[in-house]
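Peer 1: These are the residues of each chain, in order.
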Amino acid sequence: MSVLLDGRFRFDNYVVGASNRLAVAAGRAVAESPGASYNPLFIYSASGLGKTHLIGAIGFAAKQLQPELVVEYVPLDDFVDRLHIAISSGHVEAFKQLYQRVDLLLIDDVQFLTGRRETQSEMLRIFNALQGSGRQIVMASDRPPAEIDDVDERLVTRLAGGLIVDIGLPEYETRVAILRNKCVERELSFADGVLEELARMPCGSIRELQGALNRLAAHEALGERLAAANVRSIVAAGRVTPTQSRIIPNASDEFAGFVSDIAVAVAQHVESWRVRLGERIAHWQAAGYRTTMLERALSLTEEADVEALDAAFATGVARLEQLEAQAVLLDPRLAGLDVFRDPQCVAEAEARVEQAIAAQDPPPGPWPAFTLETLIAGKSNQLALRAAEAAIEAPGARYNPLFVHGGPGVGKTHMVHAVGNALRRKAALSGPVACVSGSQFVDELIVALQEGTVDKWRARYRTAGALIVDDVHALAGKERSQEELFHLFNALHSAGKQVVLASDRPPSEIGELEARLRSRFDGGLVVAIQPPDRALREALYSRMLLDRAPGAEQGVAALLAELPVSGAAEVESVIDRVMHSARAAGGAVTLSLVRRELNPGGAATPASVPAIADKSFLDLEKVVMDWPDLEGRVIEELR
Amino acid sequence: MSLVNYAAREITCKIVYYGPGRSGKTSNLHYIYDQVPGDRRGSMVSLATQTDRTLFFDFLPLDLGPISGFTTRFQLYTVPGQVYYATTRKLVLQGADGVVFVADSQRRQIDENVESMQDLHANLAEQGIDARNVPLVIQYNKQDLPRELILDVDTLDDALNFRGVPYHAGDALRGTGVFETLRSISELVLRRLSSTTAPSVAVGR
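Protein chains in written order, with numbering that gives the first Met the number 0: chain A, 0 to 638; chain B, 0 to 204.
Worth flagging that the hints you see were computed from the coordinates, not collected in a lab.
Be aware that one or more of the hints could be misleading.
Claimed, not checked - Some, not all, of what chain A presents toward chain B, calculated at C-beta under 7 Å: (1) ILE233; (2) PHE257; (3) ILE261; (4) ARG273.
The beta carbon of each residue, even a glycine, is placed where N, CA and C say it ideally should be.
Pulled out of the complex, with its shape left as it was, chain A reads as follows:
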């Protein structure tokens, strides 16, 4: 057993007054049930006011009450020495285990933790282990935890997490009682009034008082009987340095008693979790962050999980630091913006960074040549066109996403780019119109992955006011691209931004497309563009002939339109062929030339364009290839 716990320091020889009543009450509670009430108990006072006596008494009383209890008293310097020895001999684990088996750990002179980082981290681990298993820690220091310089913030929080009590200067009565106790202990006796006179003298600590008593005792031992009147001169003569009296002249006992009672009331009513939370708030405020998030928790009536709140706040701060660094690289003027100072604003800070990125490198836009004005409308694309017009009129509100599908050359690309151009002209749009083909999306992502600039690449699209992805089927089987599109889609869709997609087939037929994307695509409007009908074909041929063969004979366009084609590309190739033949023949584009071109075998009319009186049968779209079955016909009739 440590010397301190040998029974010299006990509660019954510790004089209790207003100045130490709270500390003693807390100490007794701890000794009676270690780990149950105030853990850790932190006692502080100026030097010589009885801290060491009190923690010795706590240890002794606890041991008396529960002899099997492992009680360890260690001044901090000894702790540091032992730690150094353990490190140099490679027995750090044994050192830790030694302390972790202790039921009541009493640490004195905790103020010497200042600047000892390794000791602090070791102590933090031991504290965590002890507190985690309900063991008691009692500490004594000459100042409160917050005033111990250069100590790890986490350790300060631990130190302050239980109860902090201070011991003030003893008042007159307590001083008299202490002096009388000392006399009994040392079998000294003085004339009446001597001790009282000594107690009336200003003194800075009990040690000083004890020193003065020793001086009187020495005079008595010389056979000199002291009178109360001599006390001051003897004691004053013994004082080598002027005492830094902490006693307040004429300090009122009544006021001291009041303060002591207030201390008890505060200790009873201040909840330790609020104290811990307050410390964290102060810490983050000092670091320049807005702590509204944490302050809200202070007003809760139920105990909040301070550690979890603080961890969440720290995560937010770390993210903000990252974002601010990124933003400053893009635009130094963004440094110190308010959004980077409030972990509640992480989303806003992210948006800010994305805006900065987008401003530097905007996403690809729609091709200006494709506009709605140059799009020829017809029966085959009218549904898609109306949907597109609705999307332009109210972006994100009606058909979101708008999924347009159809075979090659039916005008999907034209249509989606035209939607993009129309949206771009809308003032209400919150960002640029991103218009990208599926394959371009994949290629860009690969380059970004290579260069390690995925965040930046992603941010370009996140700021878009609308997103258009042409040939989205190019993402089939590209898992990472699909994942990126999925997140991008969610971000834009949830922000009410219009998404338009185009593919050569409906979502359900795109193989190797993740179900989460497919269901999202299906969730808007999926609309098909059919191969151009006869009227549309005629309009297409007329426009092309007007451009390339203005002198073409009347009726050529109508004749060419008789031939079904899959899309605009095929129309163009037919015109190419006709133009080529016309140039070879050295003449203009005539009906006969066209007939010959369409029917190279020499027959009067092309096989696919039979000479039938009723031309309506020439249009494949009007030929019913599969008659509906009986059930289908009944439904049709009912309609």
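Place chain B on chain A using the hints.
Peer 2: Just chain B now, kept in the frame of chain A:
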């Protein structure tokens, strides 16, 4: 002003001494002022008329030093007791964390006591405060006067303490009951630290 600021580690309590004119509110503050060590008290601000009646209010800031790591400050105010200073009373009452009602035990002052107590309740109600939620302690002052001049504590309590709040007999000039009263109200106020839902007398706090 807030009672406890966990971030700044400060506890600030505003306690208002209320009561009829000449009941001894300022005497309470003077006694406390005299007992407080010099480094713990701020200068007492007292705006009084030539006849020594409180014209506006007295203000005594007390620094209790660090308590459980909190810098603890008490601000003690008195209101002018005279009926015609109603506006000042309302102003001083704003933001109070607790109220000490100093009653004059003199037999002839009973009506003034009752009237002042009603005035306190009216002022609290005017500020939208439920008087039942405000910490209140009553001090029956001047109990040192000859028996024939005063009412005893029980009689006064029957007349004034219909809410059954803590009360103390006092002799503010000599200090009897002064610190007991202050201790009593302080404990009631500090109890609110652990029940943050209780409203204060503050407007917009």
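Peer 1: Of the numbered hints stated previously, which ones are contradicted by the structure, given in increasing order?
Peer 2: 1
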